[in-house]
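A.B. asks: The primary structure of each chain is shown beneath.
Protein chains: 2
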Amino acid sequence: MSALAAMLGTRHALIQAPMAGTQGPKLAIACSSAGALGSIPAAAVSLETLAAHLAHMQSSALPYNVNFFCHQPTPIDEAQHRAYQAVLAPFYAEFGIDAARIAPASGREPFSEAACALIEQFRPQVVSFHFGLPTDALLARVRATGAQVLSSATTLAEALWLQARGVDAVIAQGNEAGGHRGVFLENWRTAWPKQPGTLALVAQCAHSLRIPVIAAGGISDARSVRAALALGAAGVQVGSAFLLAHEADTSPVHRAALRSSAAHPEEHQTALTNLFTGRPARGIVNRVMREIGPINWAAPEFAQATAAIAPLRSAAEAQSSGDFSPLWCGQNIAGCRETDAASIVSSLIV
Amino acid sequence: MSALAAMLGTRHALIQAPMAGTQGPKLAIACSSAGALGSIPAAAVSLETLAAHLAHMQSSALPYNVNFFCHQPTPIDEAQHRAYQAVLAPFYAEFGIDAARIAPASGREPFSEAACALIEQFRPQVVSFHFGLPTDALLARVRATGAQVLSSATTLAEALWLQARGVDAVIAQGNEAGGHRGVFLENWRTAWPKQPGTLALVAQCAHSLRIPVIAAGGISDARSVRAALALGAAGVQVGSAFLLAHEADTSPVHRAALRSSAAHPEEHQTALTNLFTGRPARGIVNRVMREIGPINWAAPEFAQATAAIAPLRSAAEAQSSGDFSPLWCGQNIAGCRETDAASIVSSLIV
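Keeping their order, the protein sequence lines are chains U and L.
Each residue of the first sequence is one higher than the one before, starting from 1 at the first, in the working numbering.
Each residue of the second sequence is one higher than the one before, starting from 351 at the first, in the working numbering.
By construction, these hints were calculated from the structure, which means they are not laboratory data.
Here the structure is a predicted model, which is why all the values come from computation and not from measurement.
Please note that the accuracy of each hint is not assured.
Claimed, not checked - According to the in silico footprint, chain L covers these stretches of chain U (three or more CB under 8 Å from chain L):
| no. | stretch |
| --- | --- |
| 1 | 263-274 |
| 2 | 330-340 |
Unchecked claim - What follows is a set of in silico ranges between Cβ atoms, one per label pair, in the way DEER data are often shown:
| no. | chain 1 | residue 1 | chain 2 | residue 2 | range |
| --- | --- | --- | --- | --- | --- |
| 3 | U | A256 | L | P602 | 53 to 61 Å |
| 4 | U | P90 | L | R493 | 44 to 52 Å |
| 5 | L | A443 | U | N187 | 24 to 32 Å |
Just so it is clear, CB atoms sit at the ideal spot from N, CA and C, and this is done for glycine as well.
One chain only, chain U, in its complex shape (with noise of 0.2 Å):
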């Protein structure tokens, strides 16, 4: 076992990358039944959800994570609310959506006070935030459980922050990741365009840091993991390969785009976009990317953006249709099957 999995206790160096909306403790249960991490996200749940998760986890006595968001919230940014709309008009007419009745919203809320009374309850293996790390008292609350706590970086200079400020290791995250970028340090809208990827980004980390790199992006099968471990990963984080998992909660439509694309992997086309969130996060292109997209200057901050989309998507989601949802997805689909999710671990394990 290596020194990774023994942090994570786990029997392989291996994380269940948290998907929110995608999955819950279906997944993380059956990856950790698996000598897995499994994780659950947090992002998009209320509390009462997340402890409802927790709660189930718990029960199952196996090792697990929690992932949180922990993002500066802004004010909600009415004009900009407004702005976006103006964009997706065209769109709202041709569903007959009435926009002056969509409010803006803030949408997600960051990791709180009442989030970490919850960590302190339950007492995970492993905590991983995205976005940076929370203040200092909720972080020196979070590690008094006794958790290992993870972030990500998606550039050097994010990880060694993040290695200076005590975490236990660091997730490079490479441009290939599907999913939210966890840019925090610089302004994503300057950082997106430079986003290292994996391979690159691992080789620095490796390089540089003391404490593992876990390489995440990109990463969904043997010979992916086995390079990641030549660039000086401890260890692997894996997400869009368990999409299609049979203990997945994703969508019909998105289940339907995951499908194209693994059934076609030549027309496999993703890209950052703010569209659905109002940061940048890579998922399958779709009709409103290619329309609008995939980065629109118009979309709010986060997570404001999703308010003024999500009827789009409710509706377009009622036919059937993709259109207008986020289809979150790394660069490398390779992994992605419809099978259990024992078995998709298997398929990583080198």
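Given the structure of chain U, go ahead and fit chain L onto it with the hints provided.
C.D. replies: Just chain L, lined up with the frame of chain U:
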């Protein structure tokens, strides 16, 4: 010796990437002498200079590669040239440059009848192309010389397209790579935000192609070479690691930027930019990229952007500033050292 090395006529399955503007026969001979495949970039030199370079290579009796751009030139677009000049106007004013005197120019010439005649005369071991392939007629003439033909793919779709047209091996150019993206199947204006990273692209190509895949992008030391091979690559193409080699012709401002990046890897930031030629190419972020780019839609088509920015580059370089120079470089500068090329080749052998 690997099958790819046999094809290249070398001891090692390692190509020194052709880097137009920063190297010529001196670096190529040093690399070929050390058992790699040295390359001669044809894109930025006249046919007379190219002939001299090829004669120089031929006299070494070593295997080598000649690289050509095969873009479709577009007619000179005076209006676009003036539009780009308008964006650059504050910089012209700063340097006291009279913009009206700067005429539009077509920039680089693609592979041609005359260039093909040089291939027929000198018969290099390998001919590689960027931006697709030349016409069938010209390609047949290159093949008839017995040269191995390579070309770059930036997506799996491009790799399959090249394989179908009979290239001997595909260079999988991941997004980490320095210099021009070889994008050719899709317009670069929509393709650039979707470019796959080296890890994802090499994995996909190695899985789907029957011909050898040569990994490029972010590969600059033994660990990244091992990672590329783990992904299924038959060999690697390495550029940036040679930019500080004694035998390279890298300019003083370019060398200064590379030295600074290598000394402070946490501050090393690169981005794709169209400011210098009109097509996206990866370079170290400098003042002009920060202030009007890195991607600016006012820049004319390839390679007409060069005319407007060239006087600023000259004026700044005269003051030892690289603020307006293309500082081509990949995302991983781990192997970028000031030493002889043979030592760099040695460091890449696994």
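A.B. asks: It remains to establish, for every hint, whether it holds in the given structure.
C.D. replies: Each hint, compared with the structure:
Residues of the stretch 263-274 of chain U lying with their CB closer than 8 Å to a CB of chain L number 8, which satisfies the three-residue condition for coverage. A stretch counts as covered by a chain when three or more of its residues have a beta carbon under 8 Å from one of that chain; for the stretch 330-340 of chain U and chain L the count is 4, and the coverage holds. Roughly 55 Å separates the CB atoms of A256(U) and P602(L), a value that falls within the hinted 53 to 61 Å. In this structure, P90(U) and R493(L) meet the distance hint of 44 to 52 Å, their C-beta atoms being roughly 50 Å apart.
Our hint of 24 to 32 Å for A443(L) and N187(U) holds, since their Cβ atoms are close to 28 Å apart.
Hint violations for this structure: none, all hints satisfied.
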